[in-house]
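Undergrad: Heads up: the sequence lines are chains A and B, in that order. Each residue of the first sequence is one higher than the last, beginning at 1 in our numbering. Each residue of the second sequence is one higher than the last, beginning at 1 in our numbering.
By construction, these hints were calculated from the structure, which means they are not laboratory data. Since this is a predicted model, take the numbers as computed values, not measurements. Check each hint, because a few of them may be wrong.
Between beta-carbon pairs, the in silico distance windows are [said to hold, decoys possible]:
| hint | chain 1 | residue 1 | chain 2 | residue 2 | range |
| --- | --- | --- | --- | --- | --- |
| 1 | B | L463 | A | L14 | 49 to 57 Å |
| 2 | B | W464 | A | A11 | 49 to 57 Å |
| 3 | A | I8 | B | S145 | 31 to 39 Å |
| 4 | A | A11 | B | P309 | 21 to 29 Å |
Using N, Cα and C, we set each Cβ at its ideal position, and we do this for glycine too.
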Amino acid sequence: MKTLVFVIVIAGALIAIASGIWVATALGNAISRNKERDVPENSASDLTEE
Amino acid sequence: METVISVTVVIAYVILLTFVALRARTAHEFEEFSLAKRSLPLALVFGSLAATYVGPGFSIGFVGKGFNSGYLFLAIGLAYAIQNILVGLIVAPKLRALKNCHTLGEAIGEKYDKKCQVIAGVISVGLCAGFSAVMAKAGGDVLDSLLHFPKELSWLAVVIIVGFTTLYTTFGGLRASVITDAFQFAAFATLLPITLLLTFWFNLKWDTSAFFQQASEATKAGLESTSAIKIIGLVIAFLLGEMLIPPYANRALASKSTKISRNGFILAGIFSIFWFMVMVSLGIMARSIIPADTAEDNVLYSLVHEVMPTSGYALLLVVLISVIMSSLDSLLNAGAVSFTQDIVKPFANLSNKFSLNTGRIATVAIAITAAVSALAVDNIISGLLTCYAVWTPAILPSLILGLWIKNPRPLAGILSMSVGATISVILWIIFIFFLERSADFALPSVIIPGLAFSVLAYFIGHLWQKPKDGQ
Chain A
1 MKTLVFVIVI AGALIAIASG IWVATALGNA ISRNKERDVP ENSASDLTEE
Chain B
1 METVISVTVV IAYVILLTFV ALRARTAHEF EEFSLAKRSL PLALVFGSLA ATYVGPGFSI
61 GFVGKGFNSG YLFLAIGLAY AIQNILVGLI VAPKLRALKN CHTLGEAIGE KYDKKCQVIA
121 GVISVGLCAG FSAVMAKAGG DVLDSLLHFP KELSWLAVVI IVGFTTLYTT FGGLRASVIT
181 DAFQFAAFAT LLPITLLLTF WFNLKWDTSA FFQQASEATK AGLESTSAIK IIGLVIAFLL
241 GEMLIPPYAN RALASKSTKI SRNGFILAGI FSIFWFMVMV SLGIMARSII PADTAEDNVL
301 YSLVHEVMPT SGYALLLVVL ISVIMSSLDS LLNAGAVSFT QDIVKPFANL SNKFSLNTGR
361 IATVAIAITA AVSALAVDNI ISGLLTCYAV WTPAILPSLI LGLWIKNPRP LAGILSMSVG
421 ATISVILWII FIFFLERSAD FALPSVIIPG LAFSVLAYFI GHLWQKPKDG Q
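Take the sequences, apply the hints, and build the full model.
TA: Written out as structure tokens, the structure is:
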């Protein structure tokens with residue numbers, strides 16, 4: 001039981017960290033796409049994947 | 001020296017956040033300002049939703065609850081996860097399927113009529129301003145504890161938090177809000193669980209027996225000190241209190257597709273389970289590290305101060321500011337878009353540029369209102385509960401029944417929202433000011449009758465008004 005609680009808590013922490021990394025990666029992609037499209041004339045960027 | 005390190009960490013974080021906000025760029029159209037052109041991918045919908053709901057209550061508050069009540073609050077928090085998953089499965093795809101809606105008010109307007117949209121708009125803007133005031137107060141408190149302002153200048157902390165958040169939200173709109181939310185989510189979703197793992201490693205030396213014992217004792221103490229009625233009330237609050245508040249609805253509407261809208265809410269719901277587990281476990285670990293008489297709201301600060309070096313402590317406090325700013329920016333944007341679309345637009349034919357400018361002015365106005373009102377907020381949790389108490393009875397019956405009933409009648413929507421809001425405000429005043437009950441005790445006593453009267457009024461209106469020709 002002790003080990004089970006411990007494993008669940010550690011797994012929860014690791015899943016939360018993995019979620020943070022996933023969102024950070026998506027954010028990095030969105031930012032770099034915005035940068036690529038960063039041309040003059042007020043080009044309206046979006047966050048979509050091509 | 002400690003202040004120098006703290007200030008350096010704050011400045012570095014602000015520079016990084018500014019870079020991210022600038023990359024989001026200025027919104028040039030109202031469609032960008034309000035809905036980020038309905039282009040949000042799954043990861044950003046999920047990250048932004050989670051960043052918005054993880055505010056001071058779900059971070060500082062849950063660590064304190066873990067300290068005193070162990071895993072009791074993890075069980076109660078499951079109601080919140082269920083809420084998000086149900087919204088994802090049932091409501092969010094239906095909302096996203098409404099093609100021309102920017103706000104929850106517009107969704108209600110499309111199902112009923114413009115009068116209902118305006119009423120929903122007024123309630124939405126009021127709620128966003130109220131929530132923003134609570135966030136401004138919480139953000140000011142954290143910044144104050146980080147930079148140690150002189151007492152007479154403590155209001156400056158609120159001004160800095162609200163000012164910086166307003167700046168990027170005003171120019172970048174929802175896209176800036178979502179992008180900065182994602183950045184802030186990435187920061188706190190990694191750093192707080194890492195704090196948990198480090199505490200386990202260095203302070204508890206992976207002693208699972210000691211942790212399990214603390215968890216058992218705390219949970220037992222929590223069950224003994226919390227009455228069944230209070231637990232039921234809290235479950236109801238977590239299940240209904242924040243359901244589909246304007247910033248969440250905006251993210252449902254701004255998703256790239258109905259599938260992303262649905263999955264974003266479901267993932268956010270599942271994430272909340274792991275998040276609550278981490279926060280409550282941090283509180284349980286703190287029991288063997290900090291004094292037993294530490295106030296609930298100070299447990300996280302005290303724990304981090306005890307286990308982390310100065311720079312780590314400063315970084316964690318900055319992360320807590322992020323937690324709050326990510327909720328504040330979403331609320332400011334949602335309130336501003338609702339003001340423009342639901343309150344101004346029904347009475348005037350607005351051009352795209354005028355809508356955009358109205359949204360920006362409204363963002364600033366709501367921010368100023370929130371900063372001033374923050375001085376009147378005594379307690380963060382009570383402030384949040386006040387907002388929940390009014391929102392659920394006022395909006396949820398009309399919204400959900402309107403999405404599901406064929407040919408909903410406008411009178412039903414008007415009666416339900418008016419009666420729900422009025423009854424809940426009156427009951428709240430009676431319980432808090434006349435009977436002097438605590439906010440967490442009063443909440444179920446307000447939400448349940450408020451909801452019952454709101455649904456009753458809805459069906460009276462529905463039966464009273466005949467359907468329009470052709471319906």
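Undergrad: Now tell me if each hint is right for this structure.
TA: Verification of the hints:
no.	hint	in the structure
1	B:L463 to A:L14: 49 to 57 Å	54 Å, holds
2	B:W464 to A:A11: 49 to 57 Å	54 Å, holds
3	A:I8 to B:S145: 31 to 39 Å	32 Å, holds
4	A:A11 to B:P309: 21 to 29 Å	27 Å, holds
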